[in-house]
Amino acid sequence: MNRGLSLNNLVVTGPAGLIVTRMDLHVEPGQTVALVGESGSGKSMTAKAMTGLLPRGVTATGSLQLDDITVDLALGPQALAGLRGQYISLLLQNPFTSLSPVHRCGEQITAALPPDLRRSKEEIRRRLDEVDLPERVARQYPFELSGGMRQRVALAASLASNPQILIGDEPTTALDVTTQREMLDLLERIQRERDMALLLITHDLGVARERADKILVMYAGRLVESGEGADVFAHAQHPYTAGLRDSDPPLEHRLVELPAIAGSVPRPWEVAVGCVFAPRCDRADDRCRNEAPELVGTTSQVACWKPIALTDASHPIQIATDVQAQNTDNDLVVIRGLSKRFSSSAPLALDNVDISIHSGEAVGIVGESGSGKTTLARCLIGLESFDSGDISWSINTPMAQRAQIVFQDPTSALNPAMTIGATLAEALRAGQRSKAEVVALLQLVGLPSEYINRRPNGLSGGEQQRVAIARAIAPRPKLLICDEPVSSLDVSVQAQILNLMNSLLKDLGIALLFITHDLAVVRQVVSRVYVMSNGRVVESGNMENVLQSPQHEYTRQLFSSVAGK
Amino acid sequence: MDTAHSHRRLTQLLSRGALTRFIIVRLAATGLLLLVLSFVVFALLHLTPGDPARNLVGVRNVTPELLQSIRDKYHLNDPFMNQYLHWLGNVLHGDFGESIRNNTTVTTLLADRVMLTLQLSSLSFALTVIVAVPLGIAAAWRTGSALDRSMSAASIVGVGAPTYAVGLLLLYVFGLWFNIFPVYGSGDGGFDRWWHLVLPAITLASGLAAMVFKLTRTAVVAELNQDYVAFAQSRGLTRRQIRSLVLRNAMIPVATSLGLVFAFLFGGTILVEVTFALQGIGSLLAGSVTFKDLPVVQAITLLTATVIALTALAVDILYYAVDPRVRKRGMQ
Ligand SMILES: Nc1ncnc2c1ncn2[C@@H]1O[C@H](COP(=O)(O)OP(=O)(O)O)[C@@H](O)[C@H]1O
Ligand code: SF4
Ligand SMILES: [Mg+2]
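Those sequence lines, one after another, are chains A and B.
Residue numbers are given in UniProt numbering: position 270 of the first sequence equals residue 270, and the series is strictly consecutive.
Residue numbers are given in UniProt numbering: position 12 of the second sequence equals residue 12, and the series is strictly consecutive.
These aren't lab readings, by the way, just hints derived from the structure by calculation.
Just so you know, not all the hints are guaranteed correct.
As the list claims (entries may be wrong) - Simulated coverage check for chain B against chain A, where a stretch passes if three residues somewhere in it have a Cβ under 8 Å from a Cβ of chain A:
no. : segment
1   : 221 to 232
2   : 247 to 253
3   : 318 to 324
As the list claims (entries may be wrong) - Beyond 10 Å from chain B on every Cβ pair, some chain A residues (computed):
no. : residue
4   : ARG3
5   : VAL102
6   : ALA111
7   : GLU144
8   : ALA520
As the list claims (entries may be wrong) - A few chain B residues that don't get close to chain A, going by computed Cβ distances all over 10 Å:
no. : residue
9   : LEU32
10  : GLY175
11  : LYS328
Here a beta-carbon is modelled for each residue, glycine too, at the ideal position from N, C-alpha and C.
Work out the full structure, taking the sequences as your base and the hints as a guide.
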């Protein structure tokens, strides 16, 4: 009888200090265990420690039990070398980098097979068939395949040596939403057929809730809660788990305000004494701040002095009525028949797109990557030319005062050499406004005024995005365009930014064009939505109507793929 | 009939056709480049101050008859384009005219010397590749090890040391002290020729090897940090398998730089040829420039350009062969 995998007392130490602190986990054959947590919480380091692939300068202690073999992790990566493949395999997040670009897919899949099977046509066909890929893929190179197909190739490769345990480190995060579901279904099917143990690492609560038998929640390098399946969230005992659950935007309704967790995730090694969550916890008291709680419990475990009991009143959640799109005719900007092709061999990036935005209105554009959302935004703001169609504005001010844009990645959008104050002053100048408004701007986006003298480097991702938003609204544009503004942020921080956007809309009365692939996120902000696919607008209307009765096949597909929501 | 098989045959044939087309296109481009260069080289004669005929007379006594015969021979009274076409026709037949300094045709003068320079650069190219590439790979594989640190230190010295200093040092140590290698001249053909070329080739190779070592090491280290290496390890691939994955990828930047190295070698033998008194085109060029021996300068310039252009072509074809992404682009 196979005993699965047990990790006991894992401690991972990096150059700056502890990365993972005393971590235990157990996965049975045929079982799916999800490890969830925000970025930097140590999920990947745990996976790497279990496979002996820690980066230089990072070491681990503890023990790993695979079936009837026990490995002392302190012996270093060599101790695990013989177990990789046959016992344990690790599937990585990014299918674009996890395969060698100059080797054929077939060769990469079969590399881990015994030498006599590597050239067998029958074997490769069987392996490709298992991951639902046609035989021709064997002769193709990764760059000739879509992201989803590449990830299937990677999956087939990681299964080649028939491991008993597969660790998937965010295996669907880099894929489009509609492909994500297929990939998860495939993983589930294969796991069942092979009676394999699956450790699924994800930051997506929906995925964990829907797919896992057991869920472990990590925070700043510690396990803070664990338990059976969806129960962990439904009856969260740890305030962090509850906060994470609540700040995940729902698809079914729009909230007046998302219950965000204040502050941001600390570095694991920056936590000296007490409970790791104390600085952000509204239940914290003196004991919390001085003494670290141990993980206690049997079927469900929690590390908290004052866990939330089932009888505790939960936070009252206020459901907002969806703002009805006003049928005013004060159009701010009208886009008619916009088309654009980047090169003669490429398909149309924009295909006869019609969009209008009224003054003061929040409009969403939803679609997968490559559907033309960003190109549309760039055309609108004049960063990109278009082939035909027209964009007519009802105002005649310079572009800086008409529209401003906020991008997905705040780190690359801000100049690292300039202080926050200088960045904002420059933006104010573009709108012919006074430098004196810098402090007011910071206040508006919820940053302390001391940040004037700081540079982007020392700020967290959420804070950087606040600065980027402040910079965008500085010239007082009539339209704020946000292109995937929360996609690179953690759930708890994402909720803060969404709340900020809602309050800005109310206070400034500006119009918003919100571009995203995430239906639940856009639901919380806009009143009207356009759905884009392959450069075309396939559906549009009031957010509520589109959600309740999607007309277009693609929209329905998009809904059904929103995992666990 | 196995359709999968015939399908594969078809794609093979297609990609072979694409390779031929790729080579033809690149050859045409190389030809065009050389044509433009030949024009510039030809124009040298007319860009040099003074009467072209007088320039071609050189240090001989200028008599009206001599001038006239040179004008006739080089068609100097024809329109410029005609002169050029005439000259080009001759060049294509291997005729670069007569040397001003030596009383022979340029072609005879060059024949032996080109061979020597080719041998010299090939030998030092081979030395560079054989020593530097494996060491670069080994150092990258064991980043931070004693081997890596000592080789990296040595390569800094190698890149920094001036060629002539290395040459003189080698001359003293191996030529004069130990008396193993000849210190002077080009040898009598055959093995003796190669024997004479060892020290000069090492001299040339030392700086380049240091550079190629660094390039190779950087390329391999970059590949080792890629996700696909971690993924390969996690699936339990053997060290050998992982090495072959990495090397195939690292080969692409390394091969490109090796092409440059060869071109640089062929055009950069002057110092070594002078130091070791070798009769190659480097030393010939040095002398010919001083003596304003124009036909020789023209011939050497054009020849060096041709070698460099052909090397670039070879690198492109190699690129095409090892990188499927380039192949795909080439087909479109
Ligand atoms: N190569 C490295 N060396 C040292 N520390 C690292 C390295 N890579 C990541 N870390 C640190 O380890 C911590 C955990 O990271 P990681 O396991 O990647 O988190 P997660 O996968 O949960 O997002 C982070 O604070 C990160 O800064
Ligand atoms: S121990 Fe205290 S601070 Fe930590 S999560 Fe529980 S209540 Fe909050
Ligand atoms: Mg991670």
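Can you list which hints this structure breaks, lowest number first?
5, 6, 7 and 11
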